[in-house]
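Enquirer: Chains L and X are the protein sequences, given in the same order. Residue 1 is where the first sequence starts when you use this note's numbering, and the numbers rise one by one after that. Residue 1 is where the second sequence starts when you use this note's numbering, and the numbers rise one by one after that.
Treat the hints with care, since some could be wrong.
[As the list claims (entries may be wrong)] Straight-line distance between alpha carbons at most 20 Å, and here's what the computed EDC-like set of lysine to aspartate or glutamate pairs gives:
# : chain 1 : residue 1 : chain 2 : residue 2
1 : X       : K152      : X       : E2
2 : X       : K284      : L       : D117
3 : X       : K278      : X       : E2
4 : X       : K36       : L       : D117
5 : X       : K101      : L       : E34
6 : X       : K185      : X       : D206
7 : X       : K188      : X       : D206
8 : X       : K301      : L       : D117
9 : X       : K101      : L       : D117
What the hints contain is simulated information worked out from the structure, not anything from laboratory work.
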Amino acid sequence: MKKNRFFNAITLTVTSASLYILLALLIFTGIIDEYNGQLLTLAGIYVIVSLSLNLITGFTGQLALGHAGFMAVGAYSTAIIIMRLNVPMIPAVFAGGLITAIFGLLIGIPTLRLRGDYLAITTLGFGEIIRVIMVNLEGLTGGAAGLKGVPPFSDSGDFILDAVIKFSWVYGFVIFTLVVVSNLIKSSPGRAIISIREDEIASNSMGINVPYYKMFSFTMSAFLAGIGGGLYAIYFGYLNPQMFGFLNSVNFVVIVVLGGMGSITGTILAGIGFTYIQEWLRIFKDFRLVIFGLALISVMLFWPKGLMGTNEISVVKLVRKYFFKNKNSDNSSSGSPASGESQSEGVR
Amino acid sequence: MELLQQFGQQMVNGIALGSVYALIALGYTMVYGIVKLINFAHGDVLMVGAFAGYFVLTSFGGDASKISNPLILILAFIIAMIVSAIFGMIIERTCYKPLRKAPRINLLITAIGVSIVLENGARVIPWIGPNPKQFPTLKNIGFLEKVSDFIKSATGVYISPVQIISFFIAVLLMVLLFYVVNHTKTGKAMRAVSHDMNAALLMGIDVNRIISFTFAIGASLAAAAGILFALNYPQVEPYMGIMPGLKAFVAAVLGGIGSIPGAMLGGFIMGIAETLTKGFISSKLADAVAFGILILILVVKPSGILGKNIREKV
Chain L
1 MKKNRFFNAI TLTVTSASLY ILLALLIFTG IIDEYNGQLL TLAGIYVIVS
51 LSLNLITGFT GQLALGHAGF MAVGAYSTAI IIMRLNVPMI PAVFAGGLIT
101 AIFGLLIGIP TLRLRGDYLA ITTLGFGEII RVIMVNLEGL TGGAAGLKGV
151 PPFSDSGDFI LDAVIKFSWV YGFVIFTLVV VSNLIKSSPG RAIISIREDE
201 IASNSMGINV PYYKMFSFTM SAFLAGIGGG LYAIYFGYLN PQMFGFLNSV
251 NFVVIVVLGG MGSITGTILA GIGFTYIQEW LRIFKDFRLV IFGLALISVM
301 LFWPKGLMGT NEISVVKLVR KYFFKNKNSD NSSSGSPASG ESQSEGVR
Chain X
1 MELLQQFGQQ MVNGIALGSV YALIALGYTM VYGIVKLINF AHGDVLMVGA
51 FAGYFVLTSF GGDASKISNP LILILAFIIA MIVSAIFGMI IERTCYKPLR
101 KAPRINLLIT AIGVSIVLEN GARVIPWIGP NPKQFPTLKN IGFLEKVSDF
151 IKSATGVYIS PVQIISFFIA VLLMVLLFYV VNHTKTGKAM RAVSHDMNAA
201 LLMGIDVNRI ISFTFAIGAS LAAAAGILFA LNYPQVEPYM GIMPGLKAFV
251 AAVLGGIGSI PGAMLGGFIM GIAETLTKGF ISSKLADAVA FGILILILVV
301 KPSGILGKNI REKV
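For reference, chain L alone in the conformation it holds in the complex (with noise of 0.2 Å):
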């Protein structure tokens, strides 16, 4: 067991550093243009927010509408943070996945009693709200008019470097996302909490700890989605409250369906995937959020569990069955198939 763990950690870690460099060395020869790194970095911030989301709604099975309002929290306090306090960016982008995180609880105090539509509701409004207060907090956070000038990653005046330097940070934090995401959901709070998505009812009879598990799994899922607002705010250098509007929760939303709810590597597929597409439906001008919203409908009507559902593609699993055929090792590690050993660097 312990030899599996270490396995699996390795084989992690390879696929994910190689992937990595070999996305940096496309960035950087420029195979990959300077637009498509751009676009692929902000789909790592779409997957952050996406999996953040996905851990309350997909794994906890509570349904939230309001993630662009902690996204919001944690851009706009990471940006002031960064531009008052002069503090550096990576401290900065945690300070502000932890203001976010207490935002998230404070929220979830009052609102983790409702169910379903109730609670969907609930957040919503607390996504506008945060809105509305960011309009009014002017000296703060400037108002309806934005808050410019928040220091990029670098600026060193090259373009395809500062590309990369850019998707290196990004990608840095999404690896991080998916190892707290993914443990998370292995560990005996990700059993409790998956319990909770599965029956309220029942887990809480069996001493599932449940309003504790909901609250925890809330509080997690709004620090990254700060942290993904944070990285929001420095990526694009320039916040104003219309960036976080409603529209935008349902886009991650979206986002957590197509990929499949409960399904990590389903999230990354659909955000990079979601991202792509919203580009491309650019040449349809006006009509690009008509064909979207049909898009929508459709994938709903005729293809309700989304990309994955709750499977996972597991880098783990294919290694082992490819280069190690021989070795047959004990499947002992991978029991429940819902979970399995899914890491998922290697997708992206």
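Let chain L serve as the given structure and place chain X on it in line with the hints.
Expert: Below, chain X without anything else, positioned relative to chain L:
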């Protein structure tokens, strides 16, 4: 005294606005009561109704910027309500019905999808377009202006003719709805379906027809609300339905979702709370207050003011 007068004025504004919210909230609450769906597209059905009214008024009204003939206004209401009702039924049949047994989140996302399609579909239709259009205003309706002047001189509170119309049309429609729901066979069937869909089916009620009917009623009420809303803020645009839709949803939850009197009460409370906030605190915070109320009510009494507590069954 001045403060009291201002308070009275805001109350009047609030009741007028609230009657519009109440009409929208009725659609939410009825649909929720029957299919347990937050119909996100409801606000956009309101927009469809407002545009239908706009086209009737501008094409039959002669002078495009004002309405002088009350009959045309009534015609606009009727046509808008019919158009919206058809829209509501089509949406239900094509998008929601196939998902009736699917997980709730899928239904919710479909509703959001319908809403996106309606808003942006309106934007790309050349006769509508993305820019706000001036809605015709009421002119020369002598009787109403006299009433308005009389109230102004008697109490110092100004009630515009539009507000009088809003209030009375809303009350008229609510009375009508009350009659339909409580005293007709269809209404009885509606109540039965909302109580227990499967049992209603076993009793020989055509559930699909009743659900369609509910959507049609909800949509037509939304259309009436849309015209009233457009008369109050004289313009129409594709995104006009979002905010009133959300606030009306809050109103429905506030009153106890699934409860028809609750939706009416909630609508009035929301309208009054909003205008009081605008008048005494800050107009920028009006939207936040709506959601603040929602959160407060959900924390204190999630079933709403007039809602029933639902026991948990395993």
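Enquirer: Which earlier hints can't be squared with this structure?
Expert: 2, 5
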